[in-house]
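J.: The primary structure of each chain is shown beneath.
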Amino acid sequence: MAESPYKTNHRRTAFALSIIPGLGQLYHKQYAKGTFFFILAASFIYVFADMLNIGLWGLFTLGEKTPRDHSIFLLVYGIVAVIVLIFGLAFYLFNLRDAYQNGLKRDRGERPAKLKEQYQNLVNSGFPYLIMSPGFLLLVFVVILPIIFVILLAFTNYDLYHSPPAKLVDWAGFKNFVDIFSIDIWRQTFFSVFAWTIVWTFTATTFQIALGIFLAILVNQKEVKGKAMIRTVFILPWAVPAFVSILVFAGMFNESFGAVNRDILSLIGIDPVPWMTKAVYTKIAIILIQTWLGFPFIFAMTTGVLQSIPDELYEAATVDGATYYQKFKKITLPLVLFATAPILITQFTFNFNNFNIIYLFNGGGPAVPGANAGGTDILISWIYRLTMTSAQYSKAAAITMLLSVFVILAALWQFKRTKSFQEEDMM
Amino acid sequence: MSIKKEKYLRLTITYLVIFIMFAVILYPLAWIIGSSFNPGQSLSGSSIIPKNATLAHYRELFDPGRSNYLYWYWNSLKVSILTMVFTVILVSLTGYSFSRYRFAGRRKSLMTFLVLQMVPNYAALIAIFVLAFLTGLLDSHLGLILVYVGGQIPINTWLMKGYLDTIPRELDESAKIDGAGHFRIFLQIVMPLSSPIIAVVALFSFIAPFADFIIASILLRTEKNYTLAVGLYEMVAKQFGAEFTNFAAGAVLIAIPISILFLSFQKYFVSGLTAGGTKG
Numbered sequence: 001m002a003e004s005p006y007k008t009n010h011r012r013t014a015f016a017l018s019i020i021p022g023l024g025q026l027y028h029k030q031y032a033k034g035t036f037f038f039i040l041a042a043s044f045i046y047v048f049a050d051m052l053n054i055g056l057w058g059l060f061t062l063g064e065k066t067p068r069d070h071s072i073f074l075l076v077y078g079i080v081a082v083i084v085l086i087f088g089l090a091f092y093l094f095n096l097r098d099a100y101q102n103g104l105k106r107d108r109g110e111r112p113a114k115l116k117e118q119y120q121n122l123v124n125s126g127f128p129y130l131i132m133s134p135g136f137l138l139l140v141f142v143v144i145l146p147i148i149f150v151i152l153l154a155f156t157n158y159d160l161y162h163s164p165p166a167k168l169v170d171w172a173g174f175k176n177f178v179d180i181f182s183i184d185i186w187r188q189t190f191f192s193v194f195a196w197t198i199v200w201t202f203t204a205t206t207f208q209i210a211l212g213i214f215l216a217i218l219v220n221q222k223e224v225k226g227k228a229m230i231r232t233v234f235i236l237p238w239a240v241p242a243f244v245s246i247l248v249f250a251g252m253f254n255e256s257f258g259a260v261n262r263d264i265l266s267l268i269g270i271d272p273v274p275w276m277t278k279a280v281y282t283k284i285a286i287i288l289i290q291t292w293l294g295f296p297f298i299f300a301m302t303t304g305v306l307q308s309i310p311d312e313l314y315e316a317a318t319v320d321g322a323t324y325y326q327k328f329k330k331i332t333l334p335l336v337l338f339a340t341a342p343i344l345i346t347q348f349t350f351n352f353n354n355f356n357i358i359y360l361f362n363g364g365g366p367a368v369p370g371a372n373a374g375g376t377d378i379l380i381s382w383i384y385r386l387t388m389t390s391a392q393y394s395k396a397a398a399i400t401m402l403l404s405v406f407v408i409l410a411a412l413w414q415f416k417r418t419k420s421f422q423e424e425d426m427m
Numbered sequence: 001m002s003i004k005k006e007k008y009l010r011l012t013i014t015y016l017v018i019f020i021m022f023a024v025i026l027y028p029l030a031w032i033i034g035s036s037f038n039p040g041q042s043l044s045g046s047s048i049i050p051k052n053a054t055l056a057h058y059r060e061l062f063d064p065g066r067s068n069y070l071y072w073y074w075n076s077l078k079v080s081i082l083t084m085v086f087t088v089i090l091v092s093l094t095g096y097s098f099s100r101y102r103f104a105g106r107r108k109s110l111m112t113f114l115v116l117q118m119v120p121n122y123a124a125l126i127a128i129f130v131l132a133f134l135t136g137l138l139d140s141h142l143g144l145i146l147v148y149v150g151g152q153i154p155i156n157t158w159l160m161k162g163y164l165d166t167i168p169r170e171l172d173e174s175a176k177i178d179g180a181g182h183f184r185i186f187l188q189i190v191m192p193l194s195s196p197i198i199a200v201v202a203l204f205s206f207i208a209p210f211a212d213f214i215i216a217s218i219l220l221r222t223e224k225n226y227t228l229a230v231g232l233y234e235m236v237a238k239q240f241g242a243e244f245t246n247f248a249a250g251a252v253l254i255a256i257p258i259s260i261l262f263l264s265f266q267k268y269f270v271s272g273l274t275a276g277g278t279k280g
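Chains as they are written, first to last, in the UniProt record's numbering: chain A, 1 to 427; chain B, 1 to 280.
Among the hints, a few may not be true.
Which chain A residues face chain B? A few, computed with CB under 8 Å, are given here [unchecked claim]:
| id | residue |
| --- | --- |
| 1 | F87 |
| 2 | L138 |
| 3 | L145 |
| 4 | T277 |
| 5 | N356 |
These aren't lab readings, by the way, just hints derived from the structure by calculation.
Fair warning: this is a prediction, and the values are worked out from it, not measured in the lab.
Backbone N, C-alpha and C define an ideal beta-carbon position, used for all residues, glycine too.
The following block holds chain B by itself, in its conformation from the complex (with noise of 0.2 Å):
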C-alpha cells in the first residue's frame, strides 16, 4: 500500500513539474504569436488572445515596398546554404586527409586547430572588419561566407576526422590493391560510409551562420544587404515597441520553417555529437 502511495505522488509530482516546464516553454511562443496577429504596431492594450486579429503585419512584411523582410530571409538563407556547402567540401577533405594520411606537419596542425575551436573568430572582429574593408569585401555576401567557413573549419575538421577513423582502414587498402586512385577511394569508398558526419557537419554550418548576429552586423551596411539576426535586430532596437507586432510576425515566420526543419533532423545532431564529441 505504501509504495503505491509513494508511486502515486511520485507520478503527481512529475506530472506537475511537466506542467509548470510546459507553461514555461509555450508560453513565449503564445505571446509572441498572439502578438502577431495584434492590430497597431505597438503592444500597449493587447492580448494574447487579440480581439481584432489581423493579418497586416504578415502582409506588410510581404510586401517589398514596405519592409525588407523578404530580402533579409533570402540572404540569410542564400548565405547558410553555401556556407553549408562549402563547409562541407572543404572538412570532407580536410578531415580526410588528417585521418588518413601521415604527413610532416599533422599534429602540429592538429594542435592548431583544436587551440583555434576554442577562441571564437568573431573575438578578431575588428581585424575581420579592416580585411574585408581592405578587400573590397565589406557589406558583400562573399565576405560574410568566406568568413563563416573559415571558423566553421577547425571544430568540424575534429568532427569529421573522429568519425573517419572509426571507418576501418582495410576497405581502402582492398581498394589501393584494386588499383582505385586516392581521388577514388575518397570519393567512392569513404564518403558514402560517412553520411552521418557529413549530416551533422551541413546541419551545423547552415546553424551557425543563419544564427549569427556579431559578424554580419560588422560586415553588413546597407538595410537591404542584411541578414535575419541582423534585420530584425534592427526592428526591435530602432525605436522599441513602435514595430514590435511587425517583429512578432517576422520572428513567428523564422521559428516555425527553422523549428520543422531542425525537429525532423534532431535525431542526427545527438548521435553525430556524441559519436564526435566524446572522441576529440
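Excised from the complex, chain A in its bound form (with noise of 0.2 Å):
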C-alpha cells in the first residue's frame, strides 16, 4: 500500500461512517449539519419505503390480480418511485462526497468550516440550484416523466384487449416494434405515412420558405410604393391565430357549401373538385393552405435581414455589370440563408409535427381502406387517432418513439453542423 501523504486518516473514517448519512459530519464535530442529514434520511426512508416497495414492484410485475391491481398506474407509480430513488441516491453520493471532502480538509490541517460559513456555502454554490429547482421539478413531472411513461408504454401490450381495470398488461419485450414491421397492415400504413410525412414537411416548408423569401424581395425593391402598406396586409396570415384560419379553409374548401368549388372555380368553369373526399386534393389543399399560413413569418425576418444589407454591395455588383439574377444568387440569397438558416430548420421540424393543419382541416382524412390511417395523416395524426379513437396504446407508443428518434436524430446531426452552436459557451 502507498504511503499517504497525510498522518491523519480522517477522509476514509468520516467516509466509511457516512454510509449512515450524517455520521462522518458528526465526526466532523458539525453536529446541525450531520444532525440535518441523518433526520433528512430518516424521513425519506420512513415517508418513502413504501411507496418505493409497492412502486419497484410495480414497475417490474405490472400488476398480479386484476380487480386490485391497475397495471397502468402502476406504471405511473413505478417510474414515479424511481425518480424519488435517483433524487435520494443524489443526496446519499452528496453526503458521501461531503463527508470525504471535509475529512481530507482535516488531513490537510485544516479545520472544516464553521455552521455560519458553511451557511454561506450554501448560499453561494446553492443559488442556481435554489432558483431552478421549480422549473426543474415542473420539467421532470409534466414532460420528463411522461416521456419515459411513453418508452416503457411501447414495451407492453396495452390495447383495447388488455386494458386497465378488467384486464391486466404485460411487458411485451419488442413486440410492438417487431408487429409495425412485419404485419403487412400495420408496415404499409406505417411507411405510406411517414412517406406522406417526409413529403408534406418537404413541400409544405418550402414552399413557404420560397415564397417568403421571393415577395420580401419584391417588396423590398426600392421604387415600390406604399411598403409599410403592403407588409402589413402581408403579415395577416400570421397575426390571424392558425387554427381559426385553418377552420376557415376547412369550411372555404367544403365540398357542400364552399366558396372554393362554389364562387371560385366555377367562375373559371372548373368543375367541382371533391377536396375533403379524395386524398389527393385533401393533400394539394392543405399544403397550398399551409404555405399561405406560413410564408409570412419567413417573409417578416427576410425584410429584416435585407434592411441591414448595405447599399454598396449591390451598387458595386451594379458597377461590374451584374444582372438581377447575378445579384440575387450571390449577394441576396447567401445572406438571406446564412442570417435565418436556424430558423428555417425549426420550420421543418415545426411541419413535421403540424398536427393542427392536419387534423383541423379534414381530421387527417378521408378515410382509406384497408389501412387504419386516413389518407392525409402525418405521423402526429396518425398516433393521435391510435391513441383516441382505436385504443392502440403500445403501438402509439411504439410509433411515438420512432418519430421521436427521428427527429432527434435529424435535429442533432443539423445542429451539428451548425457552427454557432459548436462556439456557443457551453461550460
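Assembling the complex is the task here: the two chains are given apart, and the hints tell you how they should meet.
T.: Written out as C-alpha cells, the structure is:
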C-alpha cells in the first residue's frame, strides 16, 4: 500500500461512517449539519419506503390480480418511485462526498467549515439550484415523466383487449416494433404515413420559405410604393391564430357550400373538386393552406435581413455589370440564408409535427380502405388517432418513440453542422 | 430607353404579384366576415356581401344561455395569461442560472433541454392523459396550465440564456463588489436589462396555449371548460355547415383582437427571434 501523504486518516473514517448519512458529518463535529442529514435520510426512508417498495414491484410485474392491480397506474407509480429513488441516491452521494471532502481538509490540517461559513457556502453554490428547482421539478413531472412513460409503454401490450381495470397489461418486449414492421397492414400504413410525412414536410416548408423570401425581395425593391401597408397585409395570415384560419379554410374547401368550388372554380368554369373526399386533393389543399399560413413569418424575417444589407454591395455589383439574377444568387440569397438558417430548420421540425392543420382541416381524412390511418395523416396525427379512437396505446407509443428518435437524430445532425452551436459557451 | 422599359416591366409584374397576393390573403378573411353576417345557419345561397346582413350570430354568441362562446373566450384568456406569467417567472430563473452560474450538471441539463425542445410534449399525449387522470387534474385548467408551462420551459430557457449571455458580466461583478446579494443582482441589475427577451418569451408563451388544440382536446371534457380552439372545432365538427355562420362570427371575434395585438408586438417577435435564434 502506498504511503499516505497525510498523517491522519479522517477522510476514510468519515467516508465509512457516512454510509449512515450524517455520521461522517458528526465525526467532523459539524453537529447541525450531521443531525440534519441524519433526520433527512431517516424521514426519506420512513416516508417513501412503502412507495418505493410497491412502485418497484409494480414496475416489474405490472400487477398480478385484476380487480386489485391497475397496470397503468402501477407503471406510473413505478416511474415516480424511480425518480424519487434517483433524488435519494443523489443526496446520498452528496453526503458521502461531503464527508470525504471535509475529512480531506482535516487531514491537510485545515478545519472544516463552521456553521456560518457552511451557510454562506450553501447559499453561494446552491443559489443556481435553488432558483432552478421550481422549473426543473415541473419539467421532470410534466415533460420527462410522460416521456419515460411512453418509452416504457412501447414495450407493453396495452391496447383495447388488454385494458385495465378489467385486464392486466404485460411487458411484451419488442413485440410492438416487430409487429409494426412485420404485419402487413401495420407496415404498409407505417411506410405510407411516414413517406407522406416527409413529402408534406419538405413541400410545405419549401413552398412557404420560397414564397416568403421571394415576396420580401419583391417588396424591398426601392421603387415600390406603400411598403408599410403592403407589409402589414402580407403579415396578416401570421397574425390571425392558425386554428381559426384552418377552420375557415375547412369551410371554404367544403364540397357542398365552400366558396372554392361554388364561387371561385365555377367562375372560371372548372367542375367542383372533391377536396375533402379524395386524398390527393386534400393533400394539395393543405400544402397550399400551409403555404398561406407559413410564408408571412419567413417574409418578416427576410425583410429584416434585407434591410440590414448595405446598398454599397449592390452598387458595386451593378458597376461590375451584374444582372439581377446574379445579384440575387451571389449577394441576397447567401446573406438571407446565412442569417435565417437556424430558424428555417425549426420550420421543418414544426411542419413535421404540424398536428393542427392535418387534424383541423379534415381530421387526417379522407378514410383509406384497408389502412388504419387516414389519407392525409402524418405521424403525429396518426398517433393521436391510434390513441384516441382505436385504443392502440402501445403501438401508438412505439410509433411515438420512432418519431422522436427520427426527429432528434435529424436535429442533432443539423446542429452539429451549425457553427454557432460549436462556438456556444457551453461550459 | 431600354433600361426605362425594363424598369417599367419589372414594376408592373411586381405590382401584379402584390395584387394577386392581396387577393389570396384578403379573400378568405373577407369571406369569413361576410359569412358571419349571413342570415340563417348554413351558407347555401349566401354571397360574400350578404343581402340581408344580420348581427344575430354575434348576439347568439354573446348570450350565455344559448352558447358557451363567452366561457371559451374567458377560459382561453385565463389559461394563456396564467401560462405566460408562470413561464416568464420560471424561465427567467432557469435562463439566468444557465447563463450566470457554472454548476455541476449544467452542460448535461442544457443538452437535455435542447433535445426536449425538439420533440413536442404533446407527442406523449397518452401519458399526459393518464397523469392528469391520476392526479385528478383531468378537465381542470390547472392541469392544462401545468402541462403548457412545462412544455414551454426548454425552448424558452435557451432563448433567455442566449440573450442573457450578451449582457456583460462586469455589471454583476461590480454590483457584487458593492455588496449586492444574488437575488438583488438578478432582480435589480439583470432583469431590467432583459426586457426585450422577456417580451418575446411572454408573447410565445401566450400564443402557444392560445393556439393549442391537441392537449386541450385531450384534457378538457365538459363543454363549459373548453378553450376557444376546442370549442370552435366542436362547433364546426358537430354537423359541418349546420352552425357555420355562428362559427364565422366566433372566428371574427378572435381574429380581430388577436391580429391587432399581434401586429403591435410583431417587431419584438422578429428581433427577439433573430437575436436568440441565431445563437442557439
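J.: Taking the hints in turn, state whether each one holds.
T.: Hint by hint, here is what the structure shows:
1. F87: 13 Å, violated
2. L138: 5 Å, holds
3. L145: With a minimum Cβ separation of about 7 Å from chain B (threshold 8 Å), the hint on A/L145 holds.
4. T277: Check failed: Cβ of A/T277 comes no nearer than 13 Å to chain B, outside 8 Å.
5. N356: 6 Å, holds
This entry does not satisfy hints 1, 4, going by the numbered hints stated previously.
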